[in-house]
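Read top to bottom, the protein sequences are chains A and B. Residues in the first sequence are numbered from 7 upward in steps of one, following my numbering. Residues in the second sequence are numbered from -2 upward in steps of one, following my numbering.
Heads up, a few of these hints could be off.
As the list claims (entries may be wrong) - Output of the computed footprint for chain B on chain A, the stretches with three or more beta carbons under 8 Å from beta carbons of chain B:
1. 24 to 37
2. 119 to 127
3. 132 to 145
4. 154 to 168
Claimed, not checked - Simulated crosslink set (SDA-like; lysine to any residue; CA at most 20 Å straight-line):
5. B:Lys79 - A:Leu16
6. A:Lys166 - B:Leu166
7. B:Lys183 - B:Asp224
8. B:Lys156 - B:Pro138
9. A:Lys162 - B:Trp195
10. A:Lys166 - B:Ile207
11. B:Lys60 - B:Leu166
12. B:Lys79 - A:Thr13
13. B:Lys289 - B:Lys60
14. B:Lys183 - B:Lys156
15. B:Lys20 - B:Leu214
16. B:Lys79 - A:Tyr47
17. A:Lys105 - B:Lys156
18. A:Lys166 - B:Asp213
19. B:Lys79 - A:Gly180
Since the hints were derived computationally from the structure, they do not count as laboratory data. Glycine residues also receive a C-beta, built at the ideal position from the N, C-alpha and C atoms.
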Amino acid sequence: MSTLVNTAMLRATVFESDALGVLASIIHPLTVGEYEGEVHYGKAVVGTFGITVTEDAEPSSVQIDLNVIAGPNANGLPRKYRATTAKEQVGYAVFYASKGSRGFQVVLRGNGELAFDSRRLQSGDMYAVTLIRPGRYKMHAGRNGLVGRIDVGRAKAGEKFESEARTVAVEEKGFSPDAVAMESGSSVVFALASATNITVALEGEGEATAVRPAGPIRILGRDHRDIERRVEAKRRPAKE
Amino acid sequence: MADVEIALSESTVQQVFRVLRGKLREQASGSVDLVHFSIDWTVGIRLEKGRIDFQSNNTVLLKELDIVYDPLVVTPGLNIPKVCVGGNCILPSPFGCIIRLPRYCFFEADPDLKVPLDLSGLIRSEISGTCGIRTEHFDDPGNAGMSVWQAHAQGVPDKWRFFLNPGWLDIDLIDIADTVGALLDKLIAAVVDTILGWLPDWAQDLVEAILGSFADLIRDILDIGDDIEEWLSNLLGISIGLFDLAVQLVLQHFAKKTPIFELENPYPIMPAEAMSGGPVLVPVLVPVVDPKVVVTDPELTISASIGV
Chain A
7 MSTLVNTAML RATVFESDAL GVLASIIHPL TVGEYEGEVH YGKAVVGTFG
57 ITVTEDAEPS SVQIDLNVIA GPNANGLPRK YRATTAKEQV GYAVFYASKG
107 SRGFQVVLRG NGELAFDSRR LQSGDMYAVT LIRPGRYKMH AGRNGLVGRI
157 DVGRAKAGEK FESEARTVAV EEKGFSPDAV AMESGSSVVF ALASATNITV
207 ALEGEGEATA VRPAGPIRIL GRDHRDIERR VEAKRRPAKE
Chain B
-2 MADVEIALSE STVQQVFRVL RGKLREQASG SVDLVHFSID WTVGIRLEKG
48 RIDFQSNNTV LLKELDIVYD PLVVTPGLNI PKVCVGGNCI LPSPFGCIIR
98 LPRYCFFEAD PDLKVPLDLS GLIRSEISGT CGIRTEHFDD PGNAGMSVWQ
148 AHAQGVPDKW RFFLNPGWLD IDLIDIADTV GALLDKLIAA VVDTILGWLP
198 DWAQDLVEAI LGSFADLIRD ILDIGDDIEE WLSNLLGISI GLFDLAVQLV
248 LQHFAKKTPI FELENPYPIM PAEAMSGGPV LVPVLVPVVD PKVVVTDPEL
298 TISASIGV
């Protein structure tokens, strides 16, 4: 077998929003404009890129693999990405690392001013972690000192696998909910209502019982609430 | 009218046939690309059993000649799908998905895997058919520039050769050993072990939860249904063309490579003789002209004229 194996996925047990690695991503809302980005690893800048956000009929997101930006670039020019917003809405950049150990940071500047620094997430940002290793995890919001728990149950071979994404709101008063149970291979999306950093760390391995969530996925935060409202309005049939 | 007639009984030719049958040892190999996988194959064939029957219509019936495939190794090249997690849509819209989480994959590309399946000696097919007798004059290249006496003395004379010349041959797959099913299970277990063996138990469960049973996935890729014999027969017979190849090799063996009988030409009717105290007399060699073969129910007769 000649194909390389992504062993970092199996080793990953700690996920920090200020040191992005495999299985974790940061989702940052963007308004119309030109952005210049830097990818840091430790104290070094390992790559640069640009994002152009334009207005369109529908907002969209762009996935940016930090490994690609940090990797070899044939023409030496910064890589360019595109996303769209719609009127009174925002577009999104999804920063992630497809492989390798954690440690990436992203800094975005728009019109010469700091627009985003992944070392400190802001309200409206989201941090997502896909957990594949069964066990008991602790979730922790840095500045706020919030603590919660995630139980990841072992996937059952032979049963139909349904990957899910559970949303946890990160507010001043705490995580909501502060305990999540899910199956290996599912994701937790932290929606930030205040500036902070998020850490998820494996505390103990073992069998945890996964509980499927009830109801639809909920995205919190000012911008997301707006979008959610508009999405719901479009879904709802017009009243006679 | 023929000057010479040689008659061979059916039992004599039967014994010759058994010797010729044992001489067939052919090997071939190749590869073929199918829809979802490729196959590398190596095959050797040998013959067992079977008999010939003389017919009254100048033909020989070839009956129930078994082809044993040994070695027979088929090596499927499987393209296993990447195994990925993540990718959920976390912000849907009526027009699609606004935010989708990244996907993370265990392999950086679709893994390709080759695991050999050794079916040596486990498959048999049977050939039956009708043969005529083909006569061919063989000009031995080893005697170039020699006189006929020199060629005779050196053991490289020209020859008349008589081959079984199949008119039609029919091949049937007659036996697939019961153990083939177990071997196939073993192959699938080896593939699963190669792909998943390095993973911790919990990750194996996750992979199998995502892809379904890995063994079932491989069976699907290989398109193995409930009937393993039918699958294997199609794979060997249609996809690889093994049975056509076997017929071709048997044809070449009997019709071109291995004569059932051969006759030196010119034929030595008197050997070399040493006179006491005198010179050595050369052998008496007479040319054999226009030999003809007639097969009847009890015997095979070769008749020929001699002289120039």
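What are the numbers of the hints that this structure violates, sorted from low to high?
2, 6, 13, 14, 15, 16, 17 and 19
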